[in-house]
Amino acid sequence: MNESPANGDRPVPKVKKMSKERILVVDDDPVIVKFVSANLKVRGFDVITAEDGEAALAAMEKSNPSIILLDLLMPRLDGFEVCRRIRQFSTVPIIVLTAIGEASTKFELLSMGADDYITKPFDIADLLTRVRAILQARSSGGCSARSDS
Amino acid sequence: MGNHKGNQQTRDVATSKDSRSPWPQSSRRFDGNEDEGLSFGATDEIAGYLENPPGVNPAEEHPEIPQINCIEDEVERCRALLLALRGIARMLVTPSQSPRDLSRSTCTILIESQCYRCAWICLFDPSGRPEVAAFSNGQGMSSDFNETDPGEPFPCNRSLFADPNAETTPAAVSVCGKCPVAHRADGLGTVGIRLEYEGHVHGILSVSIPIESVSDEEKELLLEIARGVGFALHHLAREQDHHRLVQERTRWEQHTAALDAIAETIRRLADPKDALGAILDTIRKTLAVKHAIISVRDRKKVDAPVLEIRRELTPEEAEAISAIELDGRRGAVAEPILLPLDPNPDSPEILPPPIRKDLVTTKKIRSLVLLPLEARGETTGRMCLLIRADHTLAPDETRFLTMTGKMVGLAFEKASLQEIAAHAEKMEELDRLRTGLMASISHELRTPLTSIKGIASTLVQSDVKWDAETQRDFLKTLDQESDKLTRIVSDLLQMSQLEAGIMRLEKTHTTLSAITAQLKDQLKHLVDGHRFEMDIPPDLPEIYVDEVRMGEVIINLISNAAAYSDKGTRIALKARRDGNEMVVSVSDEGIGIPKEHIGKIFSRFYRLESGAVRRRGGTGLGLAISKGIVEQHGGRIWVESEVGRGSTFSFTVPIAG
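One line per chain: the protein sequences are A and B, in this order.
When we follow the numbering used here, the leftmost residue of the first sequence carries the number 1118, and every step to the right adds one.
When we follow the numbering used here, the leftmost residue of the second sequence carries the number 315, and every step to the right adds one.
Chain B extracted, bound-state conformation (with noise of 0.2 Å):
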């Protein structure tokens, strides 16, 4: 409190006025009175002060009626003012208040106090710029003043804002004309205090007031309300910004921790899928997002996403998400787009209203945050988060989704180039298999047309003369390479198909007895010379197979069991049923297969060293083309061996039904 002149006067007049009295009724006006001990001071001596203000000395120089009204009124004022104090210091230490409410209490004490009719505090935000956050309501305020949204400062207010050396002392300040008090015309003017603390305003106080009567100790006391406030919303303001710190630094490391889990992601995962749903699932932890959705079209087909990942959002939402046109709303490159999910009906359909109004009512949502995903300057996709009405993003919430999303981008780089790289990878190891195949299918071209060239050469030659049965055994030879050539080719070409995928199965319901029994006659003439054994229980179920296909891997199993075993050894088919397969074996006692071996002999062109393959006229792929034939029946080809004791090869083929 400024005023301490005049101690001794004080008391005196304090204890004459204590007897005239306008004080106790004043007192019981008032709920705040009661309470004796706080601390502004003795109610004697302020309330002398005030009555005596410095300079003027109402009994002598004023001795008038009207004079001593107006005093009475003026100490009136200041006892209530006073009282207000109290209030309002008592209502400051209450914790917690936000500044709008800290404003709005004060103004109310004010005028319930009954010091003013009117009061009312507008506040700046923290940065200066003259944000009008908060007014008191009152009696005699303008009609059209709306207290919500109170729009610019009046031009007093700003003024006193802007001006640091500005009279801290109450000025008067309804000079504008834009006051929105009302009865200024009822002899009142309007009197604006800066809320500040060390030099920082946070506001202005302004009451309605008969300017002309204001005493000094009024102003004094105005002035301390207007300390206690402006201390307050410094310290709310400092609270404030310590807890918004603290917010942003836990939010901060949450979003560091988060765009580290996401390059860890991004390196380790190498799927797309998987990467982007881990990448998503950590954007909607970290932003307490629920239903959020990532999309990736291809560029040249925008009809269908490539991918997407959904999560909480069924297929329709998704795909109208998706669908949201974004030229002419996007902003910089991986900037955040927010579209409002308004419900006002004549706002611009973003969404189907079916799907709008689902989301909205159901599932809450507000707003939606898109996000486009870039890999290599082109937009590839889209992030999209749907915020509920009760949650909002940060300024820096949102600088970590285009931090994410940038990261995505990136992502769909690396992704892109691992394609490129693993396409590349693919290529080279196909050009090695071509040569390699090439190589291979012109060795064994070269074979039989070697005899071929040989024997017709021979045949032209004129200083010789062949007798008519050997012109008939190069003849006969000429005719069976001739064979020979042609199934080699026969075989590329079935073995080219079943590569390609494009091989038809002309599947039918049948059974190894009726396969078996069509092959009657060529299975008689492969094992002549060896002890043929065929064990094919009757009562094995059906099998839904090609017939001719499966027909041929059993002779080409069969044929190799007799080109790699000596005549007179056993040679058996055998067939049983394994839970939802039949087993299919052919056993030879030949030379069996070493073990280095075992891993290639699918392969094609692949012999075991001998001739005896060549003088059945193998191709060197009856094993490559069975494996194929069996494995697009769905079945599997293995074979177990032990060398000189023979070989055992078994296939599975699936029962029908």
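Just chain A, same shape as in the assembly (with noise of 0.2 Å):
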């Protein structure tokens, strides 16, 4: 997809030199999968999805991404475990995308490692700015803590 400048009215952060990061999507929901992979690959990233705990892990070993967004209530293997799976051998950033709201669920995941917590439903502008975020303090920062290469 083109990328294209940021000109609207709504505050969306410019990340500059946009590589084609890769953004892996985990939800057992298909609808949510389509839409928040066409925002993404529309602003360049590069996407792939898993409809469930076991497809996300095989897709983190085969793809490398840079970042995970995680469902937490799927299938087979349900979001808390695949978290705690991942931070096993890797630090790649974990946004979890979720219904439930809790403060203990949220509190839990980002104690197990998760950088980050959304609340379904959500604005897909909150969902990219914390994604843009997430990428730009990760390459500011060095990449130190990355062990997955």
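Keep in mind that the hints were calculated from the coordinates and are not lab data.
Errors might be hidden in some of the hints.
Said to hold, decoys possible - For lysine-lysine, the following DSS-like pairs were computed, each having C-alpha atoms within a straight-line distance of at most 25 Å:
no.: 1; chain 1: B; residue 1: Lys-888; chain 2: B; residue 2: Lys-834
no.: 2; chain 1: A; residue 1: Lys-1151; chain 2: B; residue 2: Lys-881
no.: 3; chain 1: B; residue 1: Lys-888; chain 2: A; residue 2: Lys-1151
no.: 4; chain 1: B; residue 1: Lys-779; chain 2: B; residue 2: Lys-767
no.: 5; chain 1: A; residue 1: Lys-1158; chain 2: B; residue 2: Lys-779
no.: 6; chain 1: A; residue 1: Lys-1151; chain 2: B; residue 2: Lys-767
no.: 7; chain 1: A; residue 1: Lys-1151; chain 2: B; residue 2: Lys-790
no.: 8; chain 1: B; residue 1: Lys-790; chain 2: B; residue 2: Lys-779
no.: 9; chain 1: B; residue 1: Lys-779; chain 2: A; residue 2: Lys-1137
no.: 10; chain 1: B; residue 1: Lys-881; chain 2: A; residue 2: Lys-1158
no.: 11; chain 1: B; residue 1: Lys-834; chain 2: B; residue 2: Lys-821
no.: 12; chain 1: B; residue 1: Lys-740; chain 2: B; residue 2: Lys-587
no.: 13; chain 1: A; residue 1: Lys-1158; chain 2: B; residue 2: Lys-790
no.: 14; chain 1: B; residue 1: Lys-599; chain 2: A; residue 2: Lys-1223
no.: 15; chain 1: B; residue 1: Lys-678; chain 2: B; residue 2: Lys-599
Reassemble the complex: the two chains are provided individually, in unrelated frames, and hints are given to aid placement.
What follows is the structure, encoded as structure tokens:
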């Protein structure tokens, strides 16, 4: 998709020299996967998707994404387990994207190593902002923590 | 016998007296006379001393004829008295008489043996209260004297009873002027003797007698009779005491056992109706009462009893008894109230005349015992025992009733506390369920909302321009997700109607084939890609159902089958008759349901974890709603399944007619 400059009235942080960062979108609801992917692709991200926890771990191994958008309630392997397993071998940023609004769940996920937590329903601008913020922080702070290369 | 004086002299006189003799005449007069072996001493001896009272020698001091006549008269009386004494002694050894009968017999013998024209005994009750219990008749009692209801004891008798130091020798007591003997004018007076034993006075024996001419011997004989009767009365009282004690003890044991049983009933039975029934039967058995009722009323709804247990009573009788007004008749708390069923038509009516008449004449009921039942200080009901004419309640039985009344009150209290506790528990459970349900609903609503919000906010972003085709695709998804939201909301509504029991079924006589015919297009769409088989025999009987709701159940089951099985596999809809039911089943060759899920899949929002249903647009309520609809039609729904092989959902529908 084409990379277009931010010219709207909504403040979308602009990321310079957007390389093709790869984002893994994990959700069992195909509609969510569809519009989140479309939004990311149109803004120049490389998107891979998974519809459950096991597929997510497989995609993670295969594609080495720069960031993971992770749903929690999924068949086969839930988001909690996926997060826990990924943290055993990777520090890849994880943004939890879930309908569970409880503070306790949020705290649990953040203490398990998730980087951010977004409650459904969400504004796509909010998601994009957080994705960009995390990527920017990572690129400016270096990639010393990364161990997945 | 008191007098042993003058043995020698007596013998002499007796011998001389035999020859000139009123005695043979007298002896012929009395039947009791024949038994010479009786132990009151030799006739001649007593007769002798009677003829010669101490200090009086008729031959020496009173030689005149009238004096002799007088003496002969005394002797005659003494002889008669002696015979009476024998008769009385014989009578006294007759077992098991009542004190009243014993008194009556004593007086009768005294009169019939022609000792006295008039004799009576006034009995006192064992506690010492002057309770006049028995009088004997006799000629010469005043005309206003009523033997069956003598009223207050005469002052002479009362004073004799009251004064333990009073002479035990016969005392002239006719001075009060209230003596029931009518013939004082004939020169007769009244003599009273206490019937006592070991200092305990049981009654007073009074005889009408020519007081002036009473000899010491006659007095002695009277005293002897009084002692004998006193002893017999004492013995009877002891016997009665003993008998009463034994009876009371037996009853006490029965009452204790009954109270135990009632307490156990209250502890064990949770259902108030069962418990009260068992308690009432225990009471009936213990008190030997046939007809009884317990009715419980709600304080707010006074018109009809909330609970009624009646035994051997018609509903009309029960109602009339429950309606008896207790105000003004109430004694202490839980004290039984005795209401006599007076046959006198002037007495105030406590029951409608026809019911009262039936109770009195047919059921031979004499009185009602009403016991108010109280719980937490308020009268909540009443127990009523109907007492038959041949039955009385002893004081200890009344006490027993009072106790049971209190226990029944406790039972109520326990029941109401249990009710409160159960209610609280239920509310808690409901609250928990509601919280869980709210979380589920909110989650279910969030899913389509997330898509709608996400897509809408995507389209609002101005940093990118979407091509027309993508835009249309987004809008189409928005449309679908809104539909899904609508479906969830309407399913929720349906679910809540089912749960509140307010879902209206519009039942008609129809057939399963008719229903599936109407679903044809929907079914075709649902099973698109599967091999669909339908086996509904044309000769199946009619069913009486809401066609639309039944159709929903079938659609729900088939869409589940399609969602959980691969394309190309078989889905079968079958129906068959089984007794009075029709069994409809939907089978698939899908993933099947693991055992641990089988119990839960009919719950709201319970899903096998798979995205497949979501892609199909399931709301997570389909099976719960299907179950509700089937059950509201009077049927059952269940599933048989094997993981990897497939599932068969079946439900029953009662056959019309």
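Cross-check of the supplied hints:
no.	hint	result
1	Lys-888/B / Lys-834/B	holds, 15 Å
2	Lys-1151/A / Lys-881/B	holds, 23 Å
3	Lys-888/B / Lys-1151/A	violated, 39 Å
4	Lys-779/B / Lys-767/B	holds, 18 Å
5	Lys-1158/A / Lys-779/B	holds, 13 Å
6	Lys-1151/A / Lys-767/B	holds, 13 Å
7	Lys-1151/A / Lys-790/B	holds, 13 Å
8	Lys-790/B / Lys-779/B	holds, 18 Å
9	Lys-779/B / Lys-1137/A	holds, 20 Å
10	Lys-881/B / Lys-1158/A	violated, 32 Å
11	Lys-834/B / Lys-821/B	holds, 21 Å
12	Lys-740/B / Lys-587/B	holds, 22 Å
13	Lys-1158/A / Lys-790/B	holds, 20 Å
14	Lys-599/B / Lys-1223/A	violated, 69 Å
15	Lys-678/B / Lys-599/B	holds, 18 Å
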